[in-house]
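Engineer: For reference, the chains in residue letters:
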Amino acid sequence: MESAQLERSAARGGGRGETSRADPLLEVRDLRTLFGLRGSFADRLRGAEAGSVHAVDGVSFDLRPGEVLGIVGESGSGKTTLGRTLLGLVDATSGSIKLEGREITGLGEAEFRELRTRLGIVFQDPHASLNPALTIGASVGDPLRFHGLGGSDEERRGRVVAALERVGLAPAQQFMDKYPAALSGGQKQRAVLARAIILGPDILIADEPVSMLDMSVRAKILELMLDLKREFALTYVYITHDLATAKFFCDRIAIMYLGRIVEIGPAAQIYDDPKHPYTQALLRAIPEPDPSRTVPRDLPRGEVPDAVMPPLGCSLHPRCPRAFEVCGWESRDLRTLLELRWTQLPEEEFERERALIGDLDVLDEPATECVLPAAPDGAGDDAAEVLERLRAEAPDDPFWKGVASTDVEQGGVRVRFRDGIVPGESEADAALVRCHLYDDAALAKARKP
Amino acid sequence: MSDGPVTASTDTEPVLRVNDLRVWYGTQDGDPVRAVDGVSLEIKAGETLGLVGESGCGKSTLGRGVLGLLPDSAGVEGRVLYRDRELVGIPPKEMRAMRGPEVGLIFQEPMTRLNPLVTIESHFMETLRAHEPELDKEEMKRRSLEALAGMGIPPTRFKQYPHEFSGGMRQRIMIALALVLGPKLLVADEPTTALDVIVEAQILGILADLRRNFDTALLLITHNLGIVAEACDRLAVMYAGRIVEEGDAREVFAEPAHPYTRELLRSIISLDTTGLHYIPGAPPNLIDPPSGCRFHPRCPNAMRVCPERFPIEVPLAGGRRTECWLHGPADEIPPGGSEPLERQEIALAEEA
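The listed protein sequences correspond, in order, to chains A and B. Anchor point for the first sequence: position 218 equals 218 in my numbering, and the numbering is continuous, going up by one each time. Anchor point for the second sequence: position 331 equals 331 in my numbering, and the numbering is continuous, going up by one each time.
These aren't lab readings, by the way, just hints derived from the structure by calculation. There could be a bad hint or two in this list.
Claimed, not checked - Restraint-style ranges between C-beta atoms, simulated for each label pair:
1. Leu316(B) - Arg301(A): 38 to 44 Å
2. Asp153(A) - Arg309(B): 50 to 56 Å
3. Pro101(B) - Arg301(A): 29 to 35 Å
4. Arg284(A) - Gly78(B): 54 to 60 Å
5. Gly78(B) - Arg145(A): 49 to 55 Å
6. Gly182(B) - Arg391(A): 32 to 38 Å
7. Gln160(B) - Ala394(A): 23 to 29 Å
8. Gly318(B) - Asp298(A): 29 to 35 Å
9. Arg129(B) - Trp400(A): 40 to 46 Å
10. Asp136(B) - Pro395(A): 36 to 42 Å
11. Ala394(A) - Leu316(B): 48 to 54 Å
12. Arg129(B) - Ala394(A): 35 to 41 Å
Ideal placement from N, C-alpha and C gives every residue a C-beta, glycine not left out.
Could you put the whole structure together from the sequences, leaning on the hints where they help?
Structural biologist: This is how it looks when you write it as structure tokens:
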């Protein structure tokens, strides 16, 4: 069902021009990349599970020939791991990546090596991606040497010269024998682009290619990338945190949050009519170079949570201004809300309330039923009093929609939450969105008490 | 915290006055790098001055020069007056005593500035003990929690270690740590560069509250003009060690006087960008900068006078100033000097 939806959305097409009807160059389905955590020494002795980070957690999309797909997200969203998984630099844990119909996950290093001539990469930091001990000519020619391509030394040199001149490092002789340290950031990124195109790839995966560069240079590198795309019929995956360059550069945009694509669709729609509350927040948060406009204050609170123990339900729900009953409310949200209140209280009041409540760490284990503990020598009513004040202070906080019941007990208040649902993909105009606001079944479930 | 003192804002006396500051670094070849080359500026209480320019224009050196944080090998000339106290040549011990209670600094990388081995509580206690030893422990704790609460850090987390906080929280802890001593002047060098866009917006909100509630003078160094538009009252544009334009942020954005400012504003890629624009070439090396106006090799409006004579600072309406021959003074431009400069194209590769 999920993939059927994706194909429909693909057919409807976000890309510009006729390319959208062609077969996808890359088909990614339910891709997962997990990193195991190393537990403590004692844990390992006991053979206990240390858990894992779901860096990429069920990602599906198509990359169509000739398009520029933007993968946009904040740090910790998994966008870089996604790029590295596509390139085989990190092994996928499960799911499928097909390059022109051929499965490329699980390939051995030797088989993948051949594919690397078709997949190029540009990393964020041009200073770190060139070997300081190699001349620019040697670095740019290295892929040819490595893959045993390009013929004789003489012919190889000719191809390096052509690649350097193509990216604007002309005359090439002036740069061939220099070391990276002698080049500026923009020049280095040009050299990295020359190295990326020298094998004639079909797909170029660019991970933040301009974010380390000065404003005045970014446009030049982006323009060069667009020129190269036209000339060599390239297809780009542009990974970035910067919605402004992505808007200019991309045909389609995928917005990532905690390992998942929360919204994917044609760039024009994502920017003019963002559907997901997270996309909406991202767009509003960008400081525009216009003093007459100011960034709003009602942005999502907090930051991207720890991916080791992501929030239940929709991972955005603790920060989402539009969250409601079924978004996945849980014990940790109660702690967050209480601590938020305590940062705003005068000190004496905080001390008074703090003394009524027991150890908050019991709320850290994610659960849809929990007890807000009273102080060890206190009564359940004390905790109830604090909870009621919390509600009186912010009665409209989405959190309260998720609270099914509160019951005073001996040692505290038992809070039961509504059952959350992990959002699946829903269609919203030309976009696919993972948000219950666009899912009739979830909306219906929320209305039923 | 919102009902803080607002009395000092009527005081028009600048908190910081920099006069003809020069900072240079020695090089192996002998000729010095003139990173800051004759800079003058003022910041009043409760005012935020944004300092922008490409990398390598001397912004960070200027910020460090103001705080006396330059390496010993750097040469410094000129004056830095903090509330009429000269900071150039001040003995290191006295400067150290001022750093914190008088002038504070917020760095770019909050991760590397907190000691991973001690709790947040210890960071605050140590700071307060060093600068205000007369306070008792309770008072120190109260002040610390108040500063942290102002940055949205819950008091329940006072005894945690830096690694238990996210990047944005660590930056807010750094700001709280800078504010707990109540400095009158704060230098923030790219305070949001390492942060995500939503967290960046949160921090910008905090910085805006800061000048409103505490009357802090803020020097905000950034390469992001969106942040300047968001957070700054005035804007100073730095190029090759000089301030080439300075004035009210709104006015400079609406009508940049210097071609460098104009080109810099045009090269921003924002959500409204429909076409790419950039400045050809790169900022010059500061050992042997171009003759005359240092921007002339990249300037689309360059005139014959520009490579010949160093531009003279010209006051403009509204308390603005610029250093560009387009704005005169006319009687200093030799005959024919206003003709367009003929020159060769800048090669694509000679860029930043």
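Engineer: Against each hint, give a clear statement of whether it holds in the structure.
Structural biologist: For each hint, the structure was consulted:
{"no.": "1", "hint": "Leu316(B) - Arg301(A): 38 to 44 Å", "result": "holds (43 Å)"}
{"no.": "2", "hint": "Asp153(A) - Arg309(B): 50 to 56 Å", "result": "holds (53 Å)"}
{"no.": "3", "hint": "Pro101(B) - Arg301(A): 29 to 35 Å", "result": "holds (32 Å)"}
{"no.": "4", "hint": "Arg284(A) - Gly78(B): 54 to 60 Å", "result": "violated (43 Å)"}
{"no.": "5", "hint": "Gly78(B) - Arg145(A): 49 to 55 Å", "result": "holds (54 Å)"}
{"no.": "6", "hint": "Gly182(B) - Arg391(A): 32 to 38 Å", "result": "holds (36 Å)"}
{"no.": "7", "hint": "Gln160(B) - Ala394(A): 23 to 29 Å", "result": "holds (25 Å)"}
{"no.": "8", "hint": "Gly318(B) - Asp298(A): 29 to 35 Å", "result": "holds (33 Å)"}
{"no.": "9", "hint": "Arg129(B) - Trp400(A): 40 to 46 Å", "result": "holds (43 Å)"}
{"no.": "10", "hint": "Asp136(B) - Pro395(A): 36 to 42 Å", "result": "holds (40 Å)"}
{"no.": "11", "hint": "Ala394(A) - Leu316(B): 48 to 54 Å", "result": "holds (49 Å)"}
{"no.": "12", "hint": "Arg129(B) - Ala394(A): 35 to 41 Å", "result": "holds (37 Å)"}
Hint compliance for this structure: hint 4 alone is broken.
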